[in-house]
Amino acid sequence: MSLRTADKVGLGLVAAGAVVGLVLLLSGKGGGEAAGFAASPSFLAPEERLLHERLEALFGAPSAPRAPAGFVGAGLPPPGAEGEARLTTGRAVWRTQCLQCHGPAGGADTATAALLNPRPRDFGRGIVKFTGTPAGAPPRREDVERSVRRGLPYTAMNGFDALPEAALQSVVDFTWWLLIRGAVWNDARVRMQSGAAADAALAAAAEAVAAAWDSARVLRLEVPSAPPDSSAARARGAALFADPLTGCATCHAADGGGRGPLVWSAAEERWLLTDAWGIPAQPRDLRKGQYHGGGRPEDLFRRVHAGVKGTPMPGAGARLTPEQIWDLVAHLRALAE
Amino acid sequence: MRNDSRAALRRVHAAAWAALAVTIALTVGIGGTITSAEVGMAYPTWPDINGGSLFSFFYGELAREFGRGSVVEHTHRQAGTLTGLLVLLAALLAWFGRAVPRAVRLLAAAALLATIAQGLLGAARVLANSYTGAVIHAVGAQAVVVLLVALVKRSGAAWSEPPAPGTREAAARLRAWSGAALALLFVNLFAAASLRHKQGAFAGHLTLALLSAGVLIFLALCVRRDFPAAARLRGLARRLQAALGVQILLGIASWLWLLGPLAGAEPGDRAHFLLQAALATAHLLCGVLVMAAAAALWIEARWRTRAEQGP
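Which chain is which? The protein sequence lines are A and H, in order.
Oh and the first sequence: position 149 is 149 in my numbering, straight run, nothing missing.
Oh and the second sequence: position 165 is 165 in my numbering, straight run, nothing missing.
It should be emphasised that the hints constitute simulated quantities derived from the structure, not laboratory data.
Note that the coordinates shown come from a computational prediction; the quantities given were computed from them, not determined experimentally.
Idealized CB from N, CA, C, for every residue including glycine.
Hints may contain errors.
[Unchecked claim] Here are some, though not all, of the chain A residues that point toward chain H, as calculated from beta-carbon distances under 7 Å:
1) THR5
2) LEU25
3) ASN158
4) PRO297
5) LEU320
Looking at chain A on its own, in the form it has when it is part of the complex (with noise of 0.2 Å):
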């Protein structure tokens, strides 16, 4: 059966047109990302908006990050082409494996964060809640490059270990060069409301967040060696748990189960402190046994530790020894036993 001219030459042509929507397609790729559903357009207070304005000469914007003077020793990349260029390229990974989630700025200000919980970290904090650091200290690089890679068990957040290194690496940047921002933008805020010029508030945070960061780079947090579970332990660690000079069931409850009458009001069925990004705290169900933050026993000593940051959860380290916070680990796994 045989077609006739006409129709072979409109074949032709749509098979032409065919070829041209896709040539379309793939030479904008990435142009959907206007399709996000979170827009989110800056609506910042008058007297903030110089503050941005002098934040965005220092570091550029997400959309354009500069690698600004002063923060290598805090883990930035150099300031120039070359710290620019890994910046650049660490941004262009963030768009297709990142953004859904935390946002085009690290916002979190996405559908899908509105929809996921945990939810998604809101790098506008300049905080990172599992650190290899003491409590008070900022994290460090590798905290982040920790998290991108292996994930965050039971949260949304995989492992990307998955990527070629160098991707890795410049989004680890990217992230890191958001939290910094991040955190420089706070302090300076903070400094603002005491009553500080905003140039002057920018650059007394700029300094202080650098040398703060810098310095965070050698304050890893030691884990001393585990010592054999036993139950004798577990007891210890028990009664750690419960002394209400720890603390820990007054959030924790009792039984472990989250719901302490420090957090939880059973009245009103709602829980009653918020983490610093406002979203209410809710403690881990220890029976449980799915920790964010890692589930081996030195994270569990970590988090003892130094708490995790951001949140109500507080660092018992300066309280503790580190033979009790192996006591209370075994307690913890205990409960989930």
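Starting from the known structure of chain A, fit chain H onto it as the hints suggest.
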């Protein structure tokens, strides 16, 4: 055809219809909602849900523990399982039914294999957290739909009715253009999925959508002009036109609210987000109906037309 063969075919037909309805209304519909709400990674695990069971129906508890997005992803997996079970039923009925035609058996087997492959693709998309995998998964869903449409048509009673009469030239044109339309719809579907998963540009999808619409309109006109006595064929063309009309309107609305001048929203504008998600999902669902109608028309043209007059 013997009575026992007719009865077996009726059972296969009913199972295939059920599978097609569940696939479009639930599996694809919820799957589209996943992308509209961007919650494809609500659970990075598969087949379990962060250690929980695929067969958990405690949606409120899941929403509290893992967020509302987790329920959307979870029910999509459950709907996909239901699709799989219904396609498996159709395949079993086809292979173990008495005197079921070989073509029906092969189609049922193909639909089953495609459904299994599609499930594994969905798993790979999640486990690898891959946008490319998500695009392939979206295209695979439509391939399953087309196979189920073929199974529904081939096992239906209408298949034994006389083919639609037309000139040799008209039959050749219809076959060529309906095949081209179906192929073009798949290419456009790839473009749409790429756009939704941030892997492609809008200009590509727009070009292919306009081209597809033009070809489908031409196809419907060909049916009206060349097959005046073919009621079944003309009915299919009418349904295709209706679905295409709605799809064009939904496409314009989707552009306006998702990409165009009405796309902006203040943070926390929940109603705006819901409208955007609803439009995107409706556009996707209507696209599936266009694809199903075009597939049905192509099958009719390929196997159910008869060249009996003219050159």
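Hints and how they fare:
no., hint, result
1, THR5, "violated, 12 Å"
2, LEU25, "holds, 2 Å"
3, ASN158, "holds, 4 Å"
4, PRO297, "violated, 20 Å"
5, LEU320, "violated, 30 Å"
When the structure is compared with the earlier hints, violations turn up for hints 1, 4 and 5 and for no others.
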